[in-house]
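Protein chains in written order, with my numbering: chain Z, 1 to 167; chain P, 168 to 334.
Quick caveat, the hints were computed from the structure, so don't treat them as lab data.
Please read these numbers as outputs of a predicted model, since none were measured by experiment.
Heads up, some of the hints might be wrong.
[Stated by the list, open to error] Not the full set, but computed from the structure, chain P residues with beta-carbon under 10 Å of chain Z:
(1) V171
(2) P174
(3) L176
(4) M180
(5) L204
(6) E217
(7) A221
(8) P264
(9) R284
(10) G288
(11) W289
(12) T292
(13) S293
(14) D296
[Said to hold, decoys possible] Here are the computed lysine-lysine pairs in the BS3-like style, where the Cα-Cα straight-line distance is at most 25 Å:
(15) Z/K118 - Z/K159
(16) P/K200 - Z/K159
(17) P/K239 - P/K305
(18) P/K305 - P/K285
(19) P/K285 - Z/K159
(20) Z/K118 - P/K200
(21) Z/K138 - Z/K72
(22) Z/K33 - P/K326
(23) Z/K138 - Z/K38
(24) P/K201 - Z/K118
(25) Z/K34 - P/K326
(26) P/K239 - P/K285
(27) P/K239 - Z/K34
[Claimed, not checked] To spell it out: a stretch of chain Z is covered by chain P in this simulated footprint if at least three of its residues, at any positions, have a beta carbon under 8 Å from a beta carbon of chain P; those stretches are:
(28) 84–95
(29) 151–160
Glycine included, C-beta positions come from ideal geometry on N, C-alpha and C.
Number of protein chains: 2
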Amino acid sequence: MDGVLIPPLNFSMAAPGIYRSGYPNSMNHAFMKKLQLKTILYLCPEDYSEANTAWCRAHNVQIVQCGILPNKEPFQFIPEDVVADALRVLLDCRNHPILMHCNSGKHRSGVVIGTLRKMQGWSLTSIFDEYRRFAGSKVRILDQQFIELFRIESVTYDKEYAPRWLR
Amino acid sequence: MDGVLIPPLNFSMAAPGIYRSGYPNSMNHAFMKKLQLKTILYLCPEDYSEANTAWCRAHNVQIVQCGILPNKEPFQFIPEDVVADALRVLLDCRNHPILMHCNSGKHRSGVVIGTLRKMQGWSLTSIFDEYRRFAGSKVRILDQQFIELFRIESVTYDKEYAPRWLR
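One chain only, chain Z, in its complex shape (with noise of 0.2 Å):
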């Protein structure tokens, strides 16, 4: 179908500005023009993909990595400073509109989104009732364990440039 869009996997508008998705491919480029990026952030520790990079590089779009490895049981957990960089990008207007990605758009983005809730004020009901629409049946207990334990208070950002939504 000619000029049909399609955007990434679990794909949505989070906030103002804040987009979120699994990792886009090429089929996904039309879409993402429309979204008008200015960032891409981009939360896995692998190089990212030759498509994007020329993509990104075509339409003047930044890309900035925050690697994160995911929580895995039994010992690898995901680390609370990577995740605070992130916020710390996402919160950051001169950035947006920015979309945020992993693989597939469950587990670290749901992470990265639910500590962003937790500095919004949500409850955490709502806030793992939010993880759980994207994660589905591959919901994992250490990422929610990880949003119940993060200190926002971690958290360093530039309040002349965040959100109006936040303050």
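Using the hints provided, position chain P relative to the given structure of chain Z.
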């Protein structure tokens, strides 16, 4: 917990200026205040709750009602013209920010957002994926069929006030 914010069930941002959710109650009012809403679009035919009506009056939020009876086999079908009315309200920036809601935030809201995605040019696969994210185990085939067969040409709206992301 004092000051904790509780979004309505199935709350989400659908696009710049447009929010969707289940039926808000008074526990959600503090959260809703943060959205600085101009309009609530209520998708059920029943009278609106007194608590929400009073809250809207106090916060200068206009209430628009497009009463839709949900799809129910074998003989009750969502009317195409009322969905077109709802889209006309959603696609008028003068009503933004707008919160659209039904009862559970699954079916009627899912159908209206699905038809909105069709107007945006999304693939049906992506539209149904989003529909399912909110409907969970309560997916209705008739809703998906409605979205597939919906004629976007039947929607008339004022181009001058349409959101930029639709143009």
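Verification of the supplied hints:
1. V171: holds, 5 Å
2. P174: With a closest approach of 5 Å, the P/P174 hint holds.
3. L176: holds, 8 Å
4. M180: Hint holds; P/M180 Cβ to chain Z Cβ min 4 Å, cut 10 Å.
5. L204: violated, 13 Å
6. E217: Nearest chain Z Cβ about 24 Å off; hint violated.
7. A221: violated, 23 Å
8. P264: holds, 9 Å
9. R284: Holds. Min distance 9 Å.
10. G288: holds, 4 Å
11. W289: Holds, because the Cβ-Cβ distance from P/W289 to chain Z comes to roughly 5 Å (cut-off 10 Å).
12. T292: holds, 8 Å
13. S293: For P/S293, the interface hint holds, since the closest Cβ of chain Z sits about 5 Å away, which is under 10 Å.
14. D296: At about 8 Å, which falls below the 10 Å cut-off, the nearest Cβ of chain Z leaves the hint on P/D296 intact, so it holds.
15. Z/K118 - Z/K159: holds, 17 Å
16. P/K200 - Z/K159: Holds, at about 21 Å.
17. P/K239 - P/K305: Holds: P/K239 and P/K305 sit about 12 Å apart, inside 25 Å.
18. P/K305 - P/K285: Judged against 25 Å, a Cα distance of about 22 Å means the pair holds.
19. P/K285 - Z/K159: Between P/K285 and Z/K159 the Cα gap is close to 38 Å, so the pair fails against 25 Å, i.e. violated.
20. Z/K118 - P/K200: Measuring from Cα to Cα gives roughly 17 Å; hence the hint holds.
21. Z/K138 - Z/K72: Holds, at roughly 12 Å.
22. Z/K33 - P/K326: holds, 21 Å
23. Z/K138 - Z/K38: Violated, at about 31 Å.
24. P/K201 - Z/K118: With a Cα-Cα distance of about 15 Å, the restraint between P/K201 and Z/K118 holds, given a limit of 25 Å.
25. Z/K34 - P/K326: holds, 18 Å
26. P/K239 - P/K285: Holds - the C-alpha atoms of P/K285 and P/K239 are around 22 Å apart, at most 25 Å.
27. P/K239 - Z/K34: Outside the cut-off at roughly 36 Å; violated.
28. 84–95: violated (count 0)
29. 151–160: Check failed, 0 qualifying residues.
Hints 5, 6, 7, 19, 23, 27, 28, 29 from the list above are not met by this structure, while the remaining hints are.
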